[in-house]
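4 protein chains.
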Amino acid sequence: TVKHIFKEIFKAAKELQEGDYRETLLVSRKKKPSDTIISVGDISVGNGENQFIMGPCSVESQEQVNTVAKAVKQQGVNILRGGAFKPRTSPYDFQGLGEEGLKMLRHAGDQYGLKVVSEITNPKDIELGTKHLDIIQIGARNMQNFDLLKEAGKSNKPILLKRGLAATINEFMNAAEYVVTQGNSNLILCERGIRTYETATRNTLDITAVPILKQETHLPVMVDVTHSTGRRDLLLPAAKAAIAVGADGIMAEVHPDPAVALSDSQQQMDIPTFEHFMEQLKQPHAVVNNG
Amino acid sequence: TVKHIFKEIFKAAKELQEGDYRETLLVSRKKKPSDTIISVGDISVGNGENQFIMGPCSVESQEQVNTVAKAVKQQGVNILRGGAFKPRTSPYDFQGLGEEGLKMLRHAGDQYGLKVVSEITNPKDIELGTKHLDIIQIGARNMQNFDLLKEAGKSNKPILLKRGLAATINEFMNAAEYVVTQGNSNLILCERGIRTYETATRNTLDITAVPILKQETHLPVMVDVTHSTGRRDLLLPAAKAAIAVGADGIMAEVHPDPAVALSDSQQQMDIPTFEHFMEQLKQPHAVVNNG
Amino acid sequence: TVKHIFKEIFKAAKELQEGDYRETLLVSRKKKPSDTIISVGDISVGNGENQFIMGPCSVESQEQVNTVAKAVKQQGVNILRGGAFKPRTSPYDFQGLGEEGLKMLRHAGDQYGLKVVSEITNPKDIELGTKHLDIIQIGARNMQNFDLLKEAGKSNKPILLKRGLAATINEFMNAAEYVVTQGNSNLILCERGIRTYETATRNTLDITAVPILKQETHLPVMVDVTHSTGRRDLLLPAAKAAIAVGADGIMAEVHPDPAVALSDSQQQMDIPTFEHFMEQLKQPHAVVNNG
Amino acid sequence: TVKHIFKEIFKAAKELQEGDYRETLLVSRKKKPSDTIISVGDISVGNGENQFIMGPCSVESQEQVNTVAKAVKQQGVNILRGGAFKPRTSPYDFQGLGEEGLKMLRHAGDQYGLKVVSEITNPKDIELGTKHLDIIQIGARNMQNFDLLKEAGKSNKPILLKRGLAATINEFMNAAEYVVTQGNSNLILCERGIRTYETATRNTLDITAVPILKQETHLPVMVDVTHSTGRRDLLLPAAKAAIAVGADGIMAEVHPDPAVALSDSQQQMDIPTFEHFMEQLKQPHAVVNNG
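Protein chains in written order, with our numbering: chain A, 1 to 291; chain B, 1 to 291; chain C, 1 to 291; chain D, 1 to 291.
There's no promise every hint is true.
Remember, identical chains collapse to one label, so a pair may be satisfied in a single copy or spanning two.
Unchecked claim - Think about it this way: if two alpha-carbon atoms lie no more than 25 Å apart in a straight line, the pair counts; the simulated SDA-like pairs of lysine to any residue are:
id : residue 1 : residue 2
1  : Lys154    : Glu100
2  : Lys124    : Glu49
3  : Lys30     : Thr273
4  : Lys154    : Thr89
5  : Lys30     : Tyr92
6  : Lys31     : Thr199
7  : Lys124    : Thr181
8  : Lys32     : Ala200
9  : Lys124    : Glu100
10 : Lys30     : Arg202
11 : Lys124    : Gly98
12 : Lys103    : Ser155
13 : Lys32     : Ser90
14 : Lys124    : Tyr92
15 : Lys103    : Ser44
16 : Lys154    : Thr36
17 : Lys150    : Glu279
18 : Lys154    : Thr199
19 : Lys30     : Thr89
20 : Lys124    : Gln95
21 : Lys124    : Thr89
22 : Lys150    : Gly48
23 : Lys30     : Ser90
Just so you know, the hints here were simulated from the structure itself, not pulled from any lab data.
Next comes chain A alone, as it looks inside the complex (with noise of 0.2 Å):
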């Protein structure tokens, strides 16, 4: 029938639109077949190891970080997070210490020997973040902040992209190609949850974000358990699903003393905490194929 016709037509037309559109984005795997292995230093992000970024939420102390920066280098990771740009809901809340903080995490990272990523909210400060940093983080509050990714695009530094508090995979995708657009196509993505309708976790972890960012985009997609979960006994099961899902890393917030820190006390891990988190993903038995 004539009806059927046009569905057909429909279909197809559909199926065209969708498959140019993917091949425009210079992030689409279609444009380029291969994975994108991003080299911070003599360290490689998705080349099929699980790479672990680790810290406290907010750089508080050069002894805090210090602390932080011990524990993690014990257990082997290699990246070291730590906040000094801190977008926080209320004005009232600690705002982090800025470029001081920054200087702290590169000393504590040039320290231990651990490479450092901390966040950067404004266009201006990526000159500051290409300065003290090795990978530059643009937050989930400014994943459309088109300005912010113009310029981050413009250094030469590798980027982690969070996706937003409610974007979509299509969205998220497109914030990626402003800043490959500019020239820097170092760039790792991060599922950190989504916002929902249950307050059970403090965001919805969308778990099948990372096979589907793998399968459209040639770059390496990490989890934030403790942003996406905000919950400390989640932490764990949360990376075990990243893993077998396919993730290429994990970030973690890890704290001294979490009940006394400045930001997000209720989710961050202390060192014993960390330690045992550490442990039970390196277990032979916890790797999962993602063949």
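Since the structure of chain A is already known, use the hints to place chains B, C and D on it.
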């Protein structure tokens, strides 16, 4: 200060209240710390081994369900699924074969040595389910069909209760409680994805619901990877994540010829795909220790 | 270009498909352009005047429902509501008085000259509803209880169908279609808020669902301001918005003493608040022309 | 019982806590009970009369913006909008004319006696906004771009702050607080729809956010009917609902030829549609008393 004291009282009171609440539920692990293991004949669900529930979305004919049953059995699966009473968005979609479908499913199960599960949607049909099935499924759209839950609670059959389309974990636990309060504690919970703004998948698989439900209740928890993703290409990664996170089993749809299926043609696996799916999951390194 | 032509074909095909689909539904305005006016005895719903459905969340006693009926009648309201079969999240919450509650409601309605509406949740109880009620309500949790919808469709009573907790407008229209295909086209739709991430209100009132449903269907559309907001302080503004946007009526809960109500105590109006509510809505400048 | 006493303490403590929190915010009505009226030259926003902000999605040329300005002025509208820095999902979409666009808008505003508003997205461009605009808009994607908010707070221009794509009302109030803490309390809030699962509209207009924000803060609240609905056919009912519910004004998009618009072509009104829209809203019976 007084303000601080109030905050402490507030926190203490809140924890007590929630504790109180959890302790009142029969499904709560506070009430029964040990895992509930459901016996379905000689099969156990929740004993630490993964169970698979596989089969067509709808029972369409004896031949169709037999073909799937044979393939399913060959892969070592113990439980066969197939819909006979189909809740469909449109009244013009295939509504299932009703009792005839249950009989075909039973027949296929008997022939191939498989337990059988199918959805019942009307309280008065729980009797039919009890007669023809090994496990009675209560579907997502009926998670808060309390009359159906109560009737299922009066049956002595194991019940597979799916999480509602947009149900909170709290509502899900309370729905389970409706069954258990009527005397039937043979209950299996099933996460099947929740409704969010994201359109890349049919629903968003709430993977951390599994460890939450395992902590909060003593009941087995399975994951329906078909309805949570709605995409054939995501069934395998979703199943790996579910096993890694501690699920007691996986549910998925298999059809001899998905393209001509009377329902859900886009998301069912054909038999070779299903065989690949099972082989991937049975590889030793694919099994994650959930300790 | 070929690409452009495909896009045009795609758009045309899409519009045709959707047109096709809408034309197939009996509830569609494409199928019946004129407004359906529902007669409830001598009362009309959908004739351009606002109807109010007011009453307690649950029928608790003859005295309670009589008190409300009297107050409701004095404000010129024509339809009294009161729950007898209560779908409650927890099995330990008040479940309603069942048929006894329907009888009390009927009695109050007869005494004060009001039509009565109450929810039926079990297909087998549609008969009871037909016996005792003027309008049978199908609640949000049962919007896709298709057995109940079909049974309601076999009744000759007007049906008030509420939108599901997280139902799309498309699903809502299809649920309505289930009733109409069985022969009962005396159907009133009711928007009652949808589940979103926002916690300031119990649900999010989807106010533009009203004009969409009025355009897409020929059925009357009411708004339940109590369940959509869950807050007494928002009932009046929500009702004003509903009337402004073209709703055919307003549904809200009134209780003689909300603080001791057996259900929904936080959101019901007491009688003086209800009287203020009605007076505000009856002011001439409060009535918006929906042309 | 002890349990009951705990519940009462809990409730009291919770109310105290929330009261405490609200009292600390400068935007809170607890801190300043009287309505804040924003003066934009000789125009007032928040004084009880409705203000309309109308104009094209993007400034495309001097001629285009002049054509709209003329039509807008003829309908008694006081404020002209037009985007110059456009946040677009894809980097390949039209990104706006930048400062050139601001100058064209200013020119049109001066020629037709209209105040002008446009979005600024980069903290460093707040200076440009201060130079060329009467009101600086901070868009939905930048609601938690805290560097931008702080910079806007240092300006002396009125700020129009839109609610984020999936922001809670609590987050929205805190974002407003970021501006006010820097010294600029000339702030207008704008509800523009939130992201939900529903696809019939581009976003879901959260109509009761208006009375909530009017209660909780002392700031004017407008409603953007274009972005909340994304559908031309819903602009008029949405605007009626917004006025009925107590909004201080309406924002909508008008383009001389929407079909060829460089952005948002599906949702802008052409000039005759806009004239009909304004006439409908200016009818006396369309004005609802918000008392």
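Now the hints, each set against the structure:
Taking the shortest alpha-carbon separations for Lys154 and Glu100, both the intra-copy value of 24 Å and the inter-copy value of 24 Å come in at or below 25 Å. For a Cα distance limit of 25 Å, the shortest separation of Lys124 from Glu49 qualifies neither inside one copy, at 34 Å, nor across copies, at 41 Å. Within a single copy, Lys30 and Thr273 get their C-alpha atoms only as close as 41 Å, which misses the 25 Å cut-off; across copies the closest is 24 Å, which meets it. Within a single copy, Lys154 and Thr89 get their C-alpha atoms only as close as 29 Å, which misses the 25 Å cut-off; across copies the closest is 19 Å, which meets it.
Taking identical chains as interchangeable, the C-alpha atoms of Lys30 and Tyr92 lie at most 25 Å apart only when they sit on different chains, with a minimum of 18 Å there against 46 Å within one chain. When the C-alpha separation of Lys31 and Thr199 is checked against a cutoff of 25 Å, the pair qualifies only between copies, where the shortest distance is 23 Å, while the shortest distance within a copy is 39 Å. In the homo-oligomer, the alpha carbons of Lys124 and Thr181 lie at most 25 Å apart both inside one protomer (19 Å) and across protomers (22 Å), since each shortest distance falls under that limit. In this assembly of identical chains, the alpha carbons of Lys32 and Ala200 lie at most 25 Å apart only when taken from different copies (21 Å versus 39 Å within one copy).
With identical chains, the CA atoms of Lys124 and Glu100 are at most 25 Å apart both within one copy (16 Å) and between copies (22 Å). Taking identical chains as interchangeable, the C-alpha atoms of Lys30 and Arg202 lie at most 25 Å apart only when they sit on different chains, with a minimum of 23 Å there against 34 Å within one chain. Taking the shortest alpha-carbon separations for Lys124 and Gly98, both the intra-copy value of 13 Å and the inter-copy value of 18 Å come in at or below 25 Å. Taking identical chains as interchangeable, the C-alpha atoms of Lys103 and Ser155 lie at most 25 Å apart only when both belong to the same chain, with a minimum of 19 Å there against 31 Å between chains.
Taking the closest pair of Cα atoms, Lys32 and Ser90 come within 25 Å of each other only across two copies (19 Å); inside a single copy the shortest separation is 42 Å, beyond that limit. In this assembly of identical chains, the alpha carbons of Lys124 and Tyr92 lie at most 25 Å apart whether taken from the same copy (23 Å) or from different copies (23 Å). Proximity of Lys103 to Ser44 under the C-alpha cut-off of 25 Å is restricted to the intra-copy arrangement: shortest distance 23 Å within a copy versus 48 Å between copies. When the C-alpha separation of Lys154 and Thr36 is checked against a cutoff of 25 Å, the pair qualifies only within one copy, where the shortest distance is 19 Å, while the shortest distance between copies is 43 Å.
For the identical chains of this complex, Lys150 and Glu279 are neighbours neither inside a copy (39 Å) nor across copies (43 Å), given an alpha-carbon limit of 25 Å. Within a single copy, Lys154 and Thr199 get their C-alpha atoms no closer than 39 Å, and across copies no closer than 32 Å, so neither meets the 25 Å cut-off. With identical chains, the CA atoms of Lys30 and Thr89 are at most 25 Å apart between copies only, with a shortest distance of 20 Å across copies and 38 Å within one. In this assembly of identical chains, the alpha carbons of Lys124 and Gln95 lie at most 25 Å apart whether taken from the same copy (17 Å) or from different copies (20 Å).
Taking the closest pair of Cα atoms, Lys124 and Thr89 come within 25 Å of each other both inside a single copy (22 Å) and across two copies (22 Å). For a Cα distance limit of 25 Å, the shortest separation of Lys150 from Gly48 qualifies neither inside one copy, at 29 Å, nor across copies, at 42 Å. Taking identical chains as interchangeable, the C-alpha atoms of Lys30 and Ser90 lie at most 25 Å apart only when they sit on different chains, with a minimum of 17 Å there against 42 Å within one chain.
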